[in-house]
Amino acid sequence: SQTIHQWPATLVQPVGSPLSLECTVEGTSNPNLYWYRQAAGRGLQLLFYSVGIGQISSEVPQNLSASRPQDRQFILSSKKLLLSDSGFYLCAWTSGMEGEQFFGPGTRLTVL
Amino acid sequence: GQQLNQSPQSMFIQEGEDVSMNCTSSSIFNTWLWYKQDPGEGPVLLIALYKAGELTSNGRLTAQFGITRKDSFLNISASIPSDVGIYFCAGSTSGTYKYIFGTGTRLKVLA
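The listed protein sequences correspond, in order, to chains A and B. Per the numbering used here, the first sequence runs over residues 59 to 170. Per the numbering used here, the second sequence runs over residues 9 to 119.
Because the hints were derived from the structure by calculation, they are not lab data.
Facing chain A, a subset of chain B residues (Cβ under 10 Å, in silico):
#1 Leu-12
#2 Gln-45
#3 Glu-49
#4 Pro-51
#5 Tyr-58
#6 Ser-102
#7 Gly-103
#8 Thr-104
#9 Tyr-107
#10 Gly-110
#11 Arg-114
To be clear about the criterion: a stretch of chain A counts as covered by chain B if any three or more of its residues have a C-beta under 8 Å from a C-beta of chain B, and this derived list gives those stretches:
#12 102-113
#13 154-166
So the derived label-pair ranges between C-beta atoms look like this:
#14 A:Asp-129 with B:Ser-28: 36 to 46 Å
#15 B:Leu-53 with A:Asp-129: 21 to 31 Å
#16 B:Glu-23 with A:Gln-128: 39 to 49 Å
#17 B:Glu-23 with A:Asp-129: 42 to 52 Å
#18 B:Asp-46 with A:Ser-135: 21 to 31 Å
#19 A:Glu-84 with B:Gly-103: 24 to 34 Å
#20 B:Ala-119 with A:Val-73: 42 to 52 Å
#21 A:Gln-113 with B:Leu-53: 18 to 28 Å
The beta carbon of each residue, even a glycine, is placed where N, CA and C say it ideally should be.
Based on the sequences and whatever the hints tell you, model everything.
And the structure:
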């Protein structure tokens with residue numbers, strides 16, 4: 059069966075520090091991968107998605123970037139965090155266009 | 009841009025009651041997904057719908073893909089305390105890899 063992992067689970071970082079969040083999927087090949095951000099009590103905002111290694115589509119201009127160095131690995135990064143980057147970051151995958159989308163457990167990021 | 013209106017925003021119900029929530033879109037969707045999210049966790053997929061008019065059940069949950077392809081609803085029968093959480097709808101249009109998410113319905117069940 060397929061599983062999706064995210065780490066770390068929680069992170070507290072000072073403003074101006076770098077960020078690296080990792081997501082990996084097991085049990086499937088060529089997944090489409092997604093990064094979402096969820097503000098407290100709010101819906102999900104799509105940040106980036108990738109349909110293959112090295113292919114990244116950005117949905118919202120921001121202080122973040124994404125990379126996909128391997129088929130089942132998706133990384134969310136920042137060179138300098140802002141207070142507004144705080145939130146709950148969720149990674150998700152689908153097996154094709156318009157297929158079922160499954161989420162990871164999330165990373166709670168607090169920027170102080 | 010595309011928008012998904014989800015209602016109600018929140019609801020309190022008595023244990024044992026049935027619950028209904030819905031989503032409407034300004035665009036035609038090819039796929040509807042329904043999720044439940046518990047605090048501090050990722051959303052869990054409940055039901056996926058792929059055809060207009062499709063009615064799908066998962067235990068006490070039933071969801072339908074509207075025939076106009078611009079709406080969907082989710083029903084929960086005989087609610088129990090563990091149904092508490094936030095329910096999200098999501099839709100995808102043809103030719104995209106992206107899902108648009110609703111703003112969520114917060115459900116609270118009174119025992």
